[in-house]
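K.L.:
Here is how the chains run, residue by residue.
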Amino acid sequence: MYIFTHSVQIKAMENDKTITPISPHIKENMRHIEALFTDSQDFIGRYFPVGGKNAPWIYMAYVDMMSDRGLFDMTIIRHLFEMDWGALSPEEKGQDLYTAIKDRGIATVDFSEADNMEDVLYFMLAGDTAVFVDGYDKVIVIATRGFPNRGIQSAETEIVVQGPREAFSEVMRFNTALIRRRIRDTGLKVKQSKLGVRSQTDIALMYVEDIVRPEVLREVERRLEKINIDGVMDAGCVEQLIEESWLSPFPQIQLTERPDKAAASILEGRIAIIVDCSPFVLLVPVSLNAFFQASEDYYSRWQVMSLTRMLRFIGALIAVALPGAYVAVALYHPSMIPLLMVEKLAEASRAVPFPAVMEIIILDAAFELLREAGIRLRNASGGTIGIVGGLIIGQAAVEAGLVSPIVVIIVAMTGIATFSIPSVSLVYGFRLIKYFILILAAALGFIGLWAGLLITLIHLAGMRSFGFPYLMPFAAGEMNRYEEMKDGIFRFPLKRMKRRPFYANPKQNKRME
Amino acid sequence: MTVLSCNERITLRQLQMLIILSAMGTGLIVLPRRVAEYAAQDGWLIVLGLTALAMALTALIAAAARTKANASFVVYTGYALSRPVAHVCGVFLWVKLVLAAGLEMRSFLVITRQVLLKDTPVYIIAAVMVGVCAYAAVKGIETRARVAEVLGIVLVLPLIFLFVVALMDIDLSNLLPVFTASPERLLSGTLRLGFVFTGLECLLLVSTYVAPGKKMGRAAVGAVGLAGVIITAVTVITLAKFGASVADEPWPVLRMMDMLNLPGSFIERQEA
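Protein chains in written order, with the working numbering: chain G, 5 to 517; chain H, 144 to 415.
In isolation and in its complexed conformation, chain G is listed as follows (with noise of 0.2 Å):
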């Protein structure tokens, strides 16, 4: 306990954290709100009597643009000023001024009260708006929020031919309600904290009370808990600073736009970390598999979906390996391919100067250029560029002699197998992984190529996600009576899929008769 050298306020340290207790003398809260506020333009704060002759004094505050102003005039301006003291009846004006206030002047029921100043600081900077009234030691908080924002759009980085097309945005409560549309069960939770010393950013975890397990549950709070930093701007910080294996290049969390996913993935027994300001959604735990499901795959046909499933895979194998099974085979084991196929090898790759690996690198770093000015530019522009790249400094690096034809449709087939994954940040790391395997193998070809992919494998057995081995169901499925198999390589019959995956609590693990 220590005195506050501001005014006569004391402060009591609890837990580490600072309370100061709302002053009953409303001037002493006005100066030590304004003075947290010198020079914060968008702070307004407004000292005034409300309900006419011998009213009451009260001191209203607010962040400029944080509160919804229409909200803000019609339930509490406009109610406050018409207010007539004088003419309430005489039961009213011996009740309590602050509940007459409260109970009268304020048209919503959407307020709360806070008894310290700490709490009314966080609201007020989250857009709700103070109302402190003379001669009590409490603050009416009324929910003003409302900034401006871009709505609920279109999802960008997930899209698909049939399904919804709403995306997450970047206020939580539009998110929350979004999953809450889809899940209409009173077990759905929806338990909100704040994260970061001074961002002081919301985030919630949305679960499905009986579904998740909860030792997973309690772990994920320990891990939110634990972070201590000043500031959060995005669920891509969160996702660094809860995963496992920080060291890995392969997501252990997974992000999505899609409210169905997201829905989708709680009903399945996993937890959804909504972060404010963000449009991504962070779901735990996740297995790689999961990383090759797309919301679609469950609203078409199986036998489409699985043939497409097979593809990701496929791909996803060709994104890692296809440069350096080439370059493996040009420098090393040209016997291992026809002679006629030798032959055009040979041919191609006769008037270029560089190694087959250095033609790889080149147009792959140009591609990757590409790709990155691509996602820069996008719209109209992005596409010329990936018409400029694609078509001119190919065929010019060819005509011009830098790379052999063969490296160019290797380089694109690599590049068109990433966007097969439908997760981004699952390609992200197979896209740095494909240069450890190229480099492997261009020292020692085909045992390069295989020790590469038995690291990388090595690596994914041996990570987890909040438990949970990585590679299930193609290890460790044994545990789950292979049931995730069934939404594996390939996407068996609706009606096939009658349990839930491992992440479900095991009372729970039925979710079709």
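Please keep in mind that the hints were generated in silico from the structure rather than gathered at the bench.
Don't take every hint at face value.
As the list claims (entries may be wrong) - Computed cross-link-like contacts, SDA-like style, restricted to lysine to any residue with a CA-CA straight-line distance of at most 25 Å: (1) H:358 <-> G:483; (2) H:282 <-> G:482; (3) H:358 <-> G:510; (4) H:261 <-> G:343; (5) G:514 <-> H:156; (6) H:282 <-> G:471; (7) G:490 <-> G:272; (8) H:261 <-> G:359; (9) H:282 <-> G:253.
What the hints assert, rightly or not - Selected chain H positions facing chain G (in silico; Cβ < 10 Å): (10) 153; (11) 155; (12) 268; (13) 271; (14) 274; (15) 281; (16) 282; (17) 283; (18) 287; (19) 294.
Using N, Cα and C, we set each Cβ at its ideal position, and we do this for glycine too.
Since the structure of chain G is already known, use the hints to place chain H on it.
P.N.:
Then chain H, alone, in the frame of chain G:
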């Protein structure tokens, strides 16, 4: 985090895959030649005998390991034979494993130099192999078991496919007449060619990680039986392919795979 244990438990399927992969080492590549040296075209009978012997040994090891649940080799051996004897056995097993690993590595390097990398110094290939193995070792038993589970599918199934293709180009008359080898030769071959199942002792070490209450013995014996079936099939196919001349082939299985023509495939050298 204990949803699942960390490096403490393996499933029965993983145990089986570890056993099968251990049994299918580089020894398999020379096995048809070695059995032919003892029993000519009846060599496959030696493999059957080896399989039966290995299954019996597996049942014995599993029973011993189950005498004390989740105990290490030294602990359960000590329980049966006293602690000093157990420690001696432990040292003996360790030396045996090191020697077997070294032999396996040597065979692999010889084959690699012959088939894939003729000019690369052996120590570089060996360093890469040791590096990969060390990485797997550091990751723990659960990781190794999961890798075995994946490799079991990724490697064994294509190999089975290759041998099915090889079936189309064999002459079964090369196996005739049967039962020409004397029982002494068959017995001698069975006892001397036990190296094929040299990976079996991995059961001594990994049995401790199998969850208590699981039917480990049955699963392990089944895995050895399956490995035996695969090895017998490889031997039969190779003997049927080369006939009596198999004894002149230094690496008969590699040679047989080299001669395969996969329908629709553009890969020329399957042995690599």
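K.L.:
Now, for every hint given, state plainly whether the structure supports it.
P.N.:
Tested hints:
Annotation: proposed proximity of residue 358 of chain H to residue 483 of chain G holds, straight-line Cα distance about 15 Å (limit 25 Å). For the given pair, residue 282 of chain H sits about 21 Å from residue 482 of chain G by alpha-carbon distance, which is consistent with the 25 Å threshold. For the hint linking residue 358 of chain H to residue 510 of chain G, the alpha-carbon distance of about 22 Å falls within 25 Å, and the restraint holds. Proposed proximity of residue 261 of chain H and residue 343 of chain G is supported: the alpha carbons are some 20 Å apart, at most 25 Å.
Among the hinted pairs, residue 514 of chain G with residue 156 of chain H is consistent with the structure: their alpha-carbon atoms are about 24 Å apart, no more than 25 Å. Of the pairs offered as hints, the one joining residue 282 of chain H and residue 471 of chain G holds, with about 15 Å between alpha carbons and a cut-off of 25 Å not exceeded. Restraint check for residue 490 of chain G and residue 272 of chain G: the C-alpha separation of about 14 Å stays at or below 25 Å, so the hint holds. Of the supplied pair hints, the one linking residue 261 of chain H and residue 359 of chain G holds, its CA atoms being roughly 20 Å apart against a limit of 25 Å.
Taking the CA atoms of residue 282 of chain H and residue 253 of chain G, the gap is near 17 Å; set against the 25 Å cutoff, the hint holds. Here the hint on residue 153 of chain H is kept, as its CB sits about 9 Å from the closest CB of chain G, short of 10 Å. A least Cβ separation of about 7 Å between residue 155 of chain H and chain G falls short of the 10 Å threshold, and the interface hint therefore holds. Checking residue 268 of chain H against chain G: minimum C-beta separation of about 6 Å stays under 10 Å; hint holds.
Restraint check, residue 271 of chain H versus chain G: the minimum CB separation of about 5 Å is within 10 Å; hint holds. A hinted interface residue such as residue 274 of chain H counts as satisfied when its beta carbon comes closer than 10 Å to some beta carbon of chain G; here the least separation is about 8 Å, so the hint holds. Look at residue 281 of chain H: its Cβ gets to within about 9 Å of chain G, closer than 10 Å, so that hint holds up. A cut of 10 Å between beta carbons decides the hint on residue 282 of chain H: the least distance to chain G is about 4 Å, and the hint holds.
Using the Cβ-Cβ criterion of 10 Å, the hint placing residue 283 of chain H at the interface with chain G is satisfied: the shortest such distance is roughly 7 Å. Because the closest C-beta pair between residue 287 of chain H and chain G is about 8 Å apart, less than 10 Å, the hint holds. With a cut of 10 Å, the hint placing residue 294 of chain H at the interface with chain G holds, because the nearest CB-to-CB distance is about 8 Å.
The structure meets every hint from the earlier list without exception.
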